[in-house]
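The task is to assemble the complex, starting from two chains supplied on their own in separate frames and drawing on the hints.
Residue numbers (my numbering), protein chains in the order written: chain A, 1 to 114; chain B, 115 to 224.
Just so you know, the hints here were simulated from the structure itself, not pulled from any lab data.
Please note that the accuracy of each hint is not assured.
Simulated pairs of lysine-lysine, DSSO-like, Cα-Cα distance not exceeding 27 Å [what the hints assert, rightly or not]:
hint : chain 1 : residue 1 : chain 2 : residue 2
1    : A       : K109      : A       : K63
2    : A       : K106      : B       : K197
3    : A       : K109      : A       : K57
4    : B       : K184      : A       : K109
5    : B       : K184      : B       : K212
6    : A       : K3        : A       : K71
7    : A       : K109      : B       : K123
8    : B       : K212      : A       : K55
9    : B       : K185      : B       : K171
10   : A       : K59       : B       : K212
Not the full set, but computed from the structure, chain B residues with beta-carbon under 10 Å of chain A [as the list claims (entries may be wrong)]:
hint : residue
11   : Y147
12   : G156
13   : L157
14   : F202
15   : L204
Note that CB positions come from ideal geometry on N, CA and C, so glycine has one too.
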Amino acid sequence: SQKIEQNSEALNIQEGKTATLTCNYTNYSPAYLQWYRQDPGRGPVFLLLIRENEKEKRKERLKVTFDTTLKQSLFHITASQPADSATYLCALDDSGAGSYQLTFGKGTKLSVIP
Amino acid sequence: DGGITQSPKYLFRKEGQNVTLSCEQNLNHDAMYWYRQDPGQGLRLIYYSQIVNDFQKGDIAEGYSVSREKKESFPLTVTSAQKNPTAFYLCASGNRGKLFFGSGTQLSVL
Numbered sequence: 001s002q003k004i005e006q007n008s009e010a011l012n013i014q015e016g017k018t019a020t021l022t023c024n025y026t027n028y029s030p031a032y033l034q035w036y037r038q039d040p041g042r043g044p045v046f047l048l049l050i051r052e053n054e055k056e057k058r059k060e061r062l063k064v065t066f067d068t069t070l071k072q073s074l075f076h077i078t079a080s081q082p083a084d085s086a087t088y089l090c091a092l093d094d095s096g097a098g099s100y101q102l103t104f105g106k107g108t109k110l111s112v113i114p
Numbered sequence: 115d116g117g118i119t120q121s122p123k124y125l126f127r128k129e130g131q132n133v134t135l136s137c138e139q140n141l142n143h144d145a146m147y148w149y150r151q152d153p154g155q156g157l158r159l160i161y162y163s164q165i166v167n168d169f170q171k172g173d174i175a176e177g178y179s180v181s182r183e184k185k186e187s188f189p190l191t192v193t194s195a196q197k198n199p200t201a202f203y204l205c206a207s208g209n210r211g212k213l214f215f216g217s218g219t220q221l222s223v224l
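Isolated chain B (complex conformation) (with noise of 0.2 Å):
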């Protein structure tokens, strides 16, 4: 099946602990997303990667960091910097501008 793929689903973070959102694909898109939505508002894009081993911030990048090593892979890390992590994460990668997300992690604070 292609499509994103997006590990956990739900995911409980400590206070101070850093945690990891997974995100593969398997449609051969070179660029790849993360937006963060919390109830009643619009996606606000994190990080974006248009190719292997370059990303750039999106709007709310801090607390976050990302890396993109492979292709098919575009994991996120919600640092301890980020004092309100808690929201529906979303990874999407994108061909011609048309994206494709994957089924979300829901984050939230211990």
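The shape of chain A in the complex, shown without the other chains (with noise of 0.2 Å):
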């Protein structure tokens, strides 16, 4: 199954600034991927979702990167904001036969410092 690293457990950030989030994954490039906010105690809240053949998606301040040379995506939120800071999960479908199987990485926990 797919192995997926994200860049580094936690980040942290100045206000205004933007909070750069990457994640890599091992095996075969999925047919999408997706980015999930967690809050602490909570169910990760869907953000993203980020196809194969497209290179970039945004939504609002969130713009989503998709790299399959390098099995890659990062994650930009731009003039980041106290309200942001939350652990931030990739998702990919490991099943290769859209089943709809997610495999998560571990996270990368976003304080961003007023």
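Below, the structure written as structure tokens:
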């Protein structure tokens, strides 16, 4: 099965700066890759989905890129705010058969410092 | 309100006891999933179901059982065979690959 690595367990940045989180996978390129946000004691919340034929996707202050050559996705939060502090999870479909079995990374805990 | 409802929020299990975690959805999704999350770990798939009366084992199904008698409901039983059940359990339903999660159940062993 796929192995997913998210670049760091924790990332601290200053308010207003751009946060960049990395997700690397090891095997075949999935049909799509997703990013979720998880707050302590809560379930993850879907943020963005990017397909293998899409290089970039944006939603408000969020941007995701997907490089199948590097086997990597980058997740950016521009003009970061303290309210963006959370753990961000990368996930991809590991089934290869479209049955939507997602494999999740361990997450990166982002702290935005006022 | 549409969504996924998990209950209870906190659950304690005595040694040798089976416990059942509830998961209900009103999103009309065919697919439902159970994940386990341990501190500092990613979510690991326990079981999933793509249609009523059918379900498949995930990566860590040993010591767990599920049923899917109704589209809306996908309860998870943690059996006494699961020797390390303490974890945060998350139920989700899916729509074209995108997952919608419940608020989780924290299971601890007494």
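Against the structure, test the hints numbered earlier, and report the numbers of the ones violated in rising order. 4
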